[in-house]
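Engineer: Chains as they are written, first to last, in the numbering used here: chain U, 1 to 362; chain S, 1 to 362.
Relax, there's no trap hidden among the hints.
Which stretches of chain U does chain S cover? Using the computed rule of at least three CB atoms under 8 Å from a CB of chain S, they are:
1. 221-228
2. 304-318
3. 322-332
4. 336-348
Once the Cα atoms are required to be at most 25 Å apart in a straight line, the calculated SDA-like pairs of lysine to any residue come out as:
5. S:Lys205 <-> S:Glu171
6. S:Lys348 <-> U:Pro243
7. U:Lys335 <-> S:Pro278
8. S:Lys348 <-> U:Glu238
9. U:Lys342 <-> S:Asp265
10. U:Lys328 <-> S:Lys286
11. S:Lys205 <-> S:Pro122
12. S:Lys342 <-> U:Ser151
I should point out that these hints are in silico values taken from the structure, not numbers from a laboratory. Glycine included, each C-beta is placed from N, C-alpha and C at the ideal position.
2 protein chains.
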Amino acid sequence: MSLPNVLVVGAGGVGTIAALALTINKKCDVTLVVRSDYEHVIKYGYDIDSVTYGKINNWKPPHVTKTVQDAVTKFGEFDYIVLTTKNIPDGGLTCEDIIRPAVTEKRTTIILVQNGMGIEKPMQEQFPDNVVLSDIQFIGSTNLNCKVHNSHKDQSFVGIFENKNHPNPEEYYERADAKVKEFMELYQHEDEAINKVNFDANVKKSRWEKLIYNSALNTVTALVDLDVNRCQIASANETLFRPAMDEIIKIAASDGVTLEPSSKDKFIHIGDGLFYSPSMLVDHRKGQLMELEIILGNPLIVAKENNVDAPILSVLYNLLTLVQFKIKEQRGVIKIDEDDYKRIDSDKYPRIFAEAQKEILE
Amino acid sequence: MSLPNVLVVGAGGVGTIAALALTINKKCDVTLVVRSDYEHVIKYGYDIDSVTYGKINNWKPPHVTKTVQDAVTKFGEFDYIVLTTKNIPDGGLTCEDIIRPAVTEKRTTIILVQNGMGIEKPMQEQFPDNVVLSDIQFIGSTNLNCKVHNSHKDQSFVGIFENKNHPNPEEYYERADAKVKEFMELYQHEDEAINKVNFDANVKKSRWEKLIYNSALNTVTALVDLDVNRCQIASANETLFRPAMDEIIKIAASDGVTLEPSSKDKFIHIGDGLFYSPSMLVDHRKGQLMELEIILGNPLIVAKENNVDAPILSVLYNLLTLVQFKIKEQRGVIKIDEDDYKRIDSDKYPRIFAEAQKEILE
Chain U
1 MSLPNVLVVG AGGVGTIAAL ALTINKKCDV TLVVRSDYEH VIKYGYDIDS VTYGKINNWK
61 PPHVTKTVQD AVTKFGEFDY IVLTTKNIPD GGLTCEDIIR PAVTEKRTTI ILVQNGMGIE
121 KPMQEQFPDN VVLSDIQFIG STNLNCKVHN SHKDQSFVGI FENKNHPNPE EYYERADAKV
181 KEFMELYQHE DEAINKVNFD ANVKKSRWEK LIYNSALNTV TALVDLDVNR CQIASANETL
241 FRPAMDEIIK IAASDGVTLE PSSKDKFIHI GDGLFYSPSM LVDHRKGQLM ELEIILGNPL
301 IVAKENNVDA PILSVLYNLL TLVQFKIKEQ RGVIKIDEDD YKRIDSDKYP RIFAEAQKEI
361 LE
Chain S
1 MSLPNVLVVG AGGVGTIAAL ALTINKKCDV TLVVRSDYEH VIKYGYDIDS VTYGKINNWK
61 PPHVTKTVQD AVTKFGEFDY IVLTTKNIPD GGLTCEDIIR PAVTEKRTTI ILVQNGMGIE
121 KPMQEQFPDN VVLSDIQFIG STNLNCKVHN SHKDQSFVGI FENKNHPNPE EYYERADAKV
181 KEFMELYQHE DEAINKVNFD ANVKKSRWEK LIYNSALNTV TALVDLDVNR CQIASANETL
241 FRPAMDEIIK IAASDGVTLE PSSKDKFIHI GDGLFYSPSM LVDHRKGQLM ELEIILGNPL
301 IVAKENNVDA PILSVLYNLL TLVQFKIKEQ RGVIKIDEDD YKRIDSDKYP RIFAEAQKEI
361 LE
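All chains should be built: construct the whole structure from the sequences, respecting the hints.
Structural biologist: Now the structure itself:
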């Protein structure tokens, strides 16, 4: 019997360590899709410096391809897709589009190793009979020019996303249960000091809880371009962080999830004294698109549906939408010709812009 | 009889044109305080390019000094101080401290050619028997390396600030009336095509009205680092600008000032098609301290006193406080030693910071 065939998409800090962990365990075939560093990886591999996997120079994944399509052509159908890219639905190519060529109906299980809320919905819509799993990572890993630095133990929480629209829920969840068990085995090293894969019995709650941090600290620090601790020195715990967290807790409650108030303090103090920059701030500084919709946009959709007032998060979202707009223009994702807007009522700008972008896309 | 003695403090775009206008009219003696460009101005003067005053190369004000103290030592007591600096009470030196050496009790009239709300209060407190006047300018003038470019007609609105604490209001307002009339005459050119000095019968209302623009557009654009019109293309008229303006109108109402709702549309459309950056955005981009307290902090104090809810402006203020903090550190106004905050509860950071800054100041 052949081993399960696993495709890892996204070769950042998390994706490379995932490919390494799966390879070391020898319970599956591993293919890693490497977009920008492909030539380098083929020749030299990665230099890994990991707190648990150790130092490995020139590590080459078993199979490397430049695109998802190439992976399918060369290495066949996949049992698992481990998706570790950023999730930016407003950035052009959606995650669904990225993995589509490698999704075999029913057979392929999709594992979203990504932040945020509501990320499973477009997946379930577009691949209605594929199991979609959640994987929340606490690994602390970066990949800079094929030098991978992994500072924390590879700990993860894997579980099943709610799937409200499946025509046969019993069959779906049974299949999903089997898949989550199999994947946990593939990923779990025999020595639990190396990594620890936990079963996440309540994915929705885990994700709402992580948002307490991400919706408040990621967003504020990204907007003001200041690390978490400097914001705290300037009183942000009281003026912004805690009040924003309270709003997330209220929205989660409206979604049927009770979050412990102690979570707030956990996240407020998680980086005391570290002077560190959350991912959204790093993205802003690098001029990269931010995971705005999945971290803040989708929770606010839930708030709106459930009539929950979230004034702070709403202002943060509306402001970050403008920052995202700026980054999109800088990266050429959108184009503004100033002459198009001369002598026109500024209230009509958004409509004119939408039309202009449609033309560009068509 | 000698002519009135006028000191212009602040040699930016507005200050240099004010000194020029007063000099041309020949009805007063003019001294301009020039801090950073002093050596250049003494040698070469200014190159003026003005829509109404024309092109004047190497224009030298009648008297130029490097400091306010020098002006007093060399050119005696002053009848008027025309203060055109930025007003940043949290920036180290306050405006009161800047002009103090030149304020002669009772004799000197202080004219604040500055943006914002509540700027007269510290002046009235510290110089209780000096007349304090408001001067709102619509001139459009910049000074870059002693090249002054003035794009709009020199139009201003001069009036008397309310002075609630004067022991003898009747005497005070009578004196203020005389001063405002005299100053308007000194500043008004015989040809009204050149400039137009208007009497401002309701300073409070004029200033609240200007805040409709400044509190909403200055603040949002500064935070997201994007010009007004790009923000509008990205829907900010509806998501942020108008809702923020509504809050200012509510706060003004609580202060007894009824603003016409049409003002909102006036300011929304004032720069349609121009793709321009308001002053606070320009300051942020240059790494200069922003006029945050007088544009947003003071209006929010009024809101709090009168129990007016202003959720959007409050979030904008709390965020901009963090940005101002960042700029202060960049400019060395405050110092953060990261080691001071290791192993300390982040809720205690603000207190530790305040103590550390106190030590630095003492």
